[in-house]
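Participant: Sequence:
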Amino acid sequence: MYLPQEIIRRKRDGLNLSQQNIKDFVDGLVTGKFNDAQVGSMAMAIFQQGMNTDEIVQLTHAMMHSGDVITWPELDKPVVDKHSTGGVGDKVSFMLAAIVASCGAYVPMIAGRGLGHTGGTVDKLESIKGFNVQPSIADFKRITKELGVAIISQTDNLAPADKRLYGIRDITATVESIPLITASILSKKLAAGLDALVMDVKVGNGAMMNNIEGATALAQSIVNVAKGAGVNTQAIITDMNQVLGSTAGNALEMKETVDYLTGKQREPRLHQVTCQLASAMLVNTKIADNHANAMEKIERVLASGEAAELFNEMIASLGGPTDFIDNPWGAMNKADIIVDILAPHSGYIDTMQTRDIGLAVVGMKGGRSANGQQIDHRVGFDRILPIGTLVNRGDVIARVHGSDVDSTKVAQKQYNQAVTISESMPEKQPVIHKII
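Yeah, the sequence shown ends on 436 if you go by the working numbering, and it's all consecutive.
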């Protein structure tokens with residue numbers, strides 16, 4: 001018999017947890033022996049005191065084995081996935097999964113919900129009427145085998161310990177802990193039976209890691225722990241000092257995904273991140289010989305429409321409409337109010353407080369401020385102009401999509417406060433910072 005408070009006290013006091021301590025904590029997550037207050041306290045103790053690599057490996061392993069572990073003996077091609085540490089406007093998973101699967105890999109993607117100010121892949125998919133984010137494991141495996149791709153939420157019995165911890169981290173200011181991020185990501189990913197994993201570690205004022213040192217430490221932690229578990233893993237550090245793409249908000253990002261896949265609009269930074277990650281996935285699984293060869297394959301499946309068609313088939317296979325690519329708004333609700341956000345004066349868009357823009361979406365109920373809260377998928381921003389754009393006074397720099405007049409006005413004001421416009425053109429910042 002163990003006492004949760006004794007395990008919490010041990011970590012609070014800066015001591016290393018034994019394998020048994022970690023096993024008991026993970027068991028308590030699943031059985032409820034650790035109540036929500038104790039889980040929050042444990043998360044804060046880990047946040048404050050950290051964990052060494054052995055502790056992180058043990059935590060990852062215990063959470064991975066807290067439920068089902070999937071294997072793919074029936075598949076004849078590599079199984080690969082990508083995970084992002086989260087940002088604002090990050091809808092890369094959708095186009096990336098479709099591209100890489102079209103090039104010949106299997107992509108069984110188990111995605112998460114929003115954390116803090118960052119949007120969640122699962123929340124975005126739930127914008128689509130009928131889409132089932134939680135099929136059975138049997139259906140998940142069948143769709144992955146038939147199409148090469150399926151994007152789902154954690155099922156109730158896939159890393160259930162992480163599922164509970166993830167929700168509590170979101171509302172206890174413990175999201176940014178490197179040990180907890182590492183174990184959370186890898187427990188889900190390793191439970192999915194991957195041959196290779198590519199990590200998109202975001203850095204900047206809209207990321208969990210706002211400086212390159214923190215992002216590098218997280219990337220290295222994930223690579224070390226994953227490789228220790230036998231999964232070929234590469235991390236790419238990408239920029240999150242501005243919204244990625246031209247939208248932020250669940251349904252709006254799904255619409256931008258469709259526009260990207262069909263070639264209607266490919267925002268350059270979004271395209272660069274997508275191609276860099278897709279290339280890494282193809283090279284690390286030996287589907288492509290090198291980056292140039294990978295880019296040829298990527299461009300072919302985009303130009304031919306194969307990636308768009310495959311994405312459409314995946315949406316239909318998981319309960320969504322059969323014509324999502326042709327008619328996305330036929331399956332999603334639009335906001336009641338759309339208001340232009342105007343440049344207060346002429347100049348160059350100089351900086352963007354990306355986290356504040358993410359929080360503005362949350363404030364309109366496009367994200368959660370409490371565990372289990374319902375999300376309004378309609379709200380958010382679109383037509384977002386990137387840093388470096390020259391604007392005149394009165395030009396539209398973005399639009400806010402809201403559900404009521406008051407929250408829309410607040411979001412409009414928050415966006416204007418988050419963006420600065422200056423006389424001189426800002427220095428161009430890299431989109432890809434580092435590859436580990």
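Quick caveat, the hints were computed from the structure, so don't treat them as lab data.
Fair warning: there could be bad hints in the mix.
[As the list claims (entries may be wrong)] Label-pair distances were calculated between CB atoms; the ranges are: (1) 31 with 323: 38 to 46 angstroms; (2) 76 with 388: 40 to 48 angstroms; (3) 137 with 338: 16 to 24 angstroms; (4) 425 with 303: 31 to 39 angstroms; (5) 289 with 323: 35 to 43 angstroms; (6) 372 with 300: 41 to 49 angstroms.
[What the hints assert, rightly or not] When the alpha-carbon atoms are kept at most 25 angstroms apart in a straight line, the in silico DMTMM-like pairs for lysine to aspartate or glutamate are as follows: (7) 434 with 423; (8) 428 with 350; (9) 141 with 13; (10) 286 with 267; (11) 365 with 36; (12) 286 with 146.
C-beta atoms are modelled at their ideal positions from N, C-alpha and C, and glycine is treated no differently.
Participant: Look at the Cβ atoms of residue 137 and residue 338 and judge whether their distance stays inside 16 to 24 angstroms.
Facilitator: The hinted range 16 to 24 angstroms is violated for residue 137 and residue 338, with Cβ atoms some 40 angstroms apart.
Participant: Residue 372 and residue 300, beta-carbon distance inside 41 to 49 angstroms?
Facilitator: holds (43 angstroms)
Participant: Are the Cα positions of residue 434 and residue 423 separated by 25 angstroms at most?
Facilitator: violated (30 angstroms)
Participant: Should the hint that residue 31 and residue 323 are 38 to 46 angstroms apart at their CB atoms be regarded as holding?
Facilitator: holds (45 angstroms)
Participant: A range of 35 to 43 angstroms was offered for this pair. Does it hold for the Cβ distance of residue 289 and residue 323?
Facilitator: Holds: the Cβ-Cβ distance is about 37 angstroms, inside 35 to 43 angstroms.
Participant: Hinted pair, alpha-carbon criterion (25 angstroms max): residue 286, residue 267. Please report holds or violated.
Facilitator: It is violated: about 28 angstroms lies between the C-alpha atoms, which goes past 25 angstroms.
Participant: In this structure, is the beta-carbon distance linking residue 425 and residue 303 contained in 31 to 39 angstroms?
Facilitator: Given range 31 to 39 angstroms: holds, Cβ gap about 33 angstroms.
Participant: Just to be careful, I want the Cα atoms of residue 365 and residue 36 compared with a cutoff of 25 angstroms; is the pair within it?
Facilitator: holds (23 angstroms)
Participant: Is 40 to 48 angstroms respected by the C-beta to C-beta distance linking residue 76 and residue 388?
Facilitator: holds (46 angstroms)
Participant: Given the hinted pair residue 428 and residue 350, is their Cα-Cα distance within 25 angstroms?
Facilitator: Status holds; Cα separation ~10 angstroms.
Participant: Does residue 146 sit within 25 angstroms of residue 286, going by the straight-line distance between their CA atoms?
Facilitator: holds (21 angstroms)
Participant: Compare the distance between the alpha carbons of residue 141 and residue 13 with 25 angstroms, and conclude whether the hinted pair is satisfied.
Facilitator: Roughly 44 angstroms between the alpha carbons, so the hint for residue 141 and residue 13 is violated.
Comparing the model with each numbered hint stated earlier shows that hints 3, 7, 9 and 10 do not hold.
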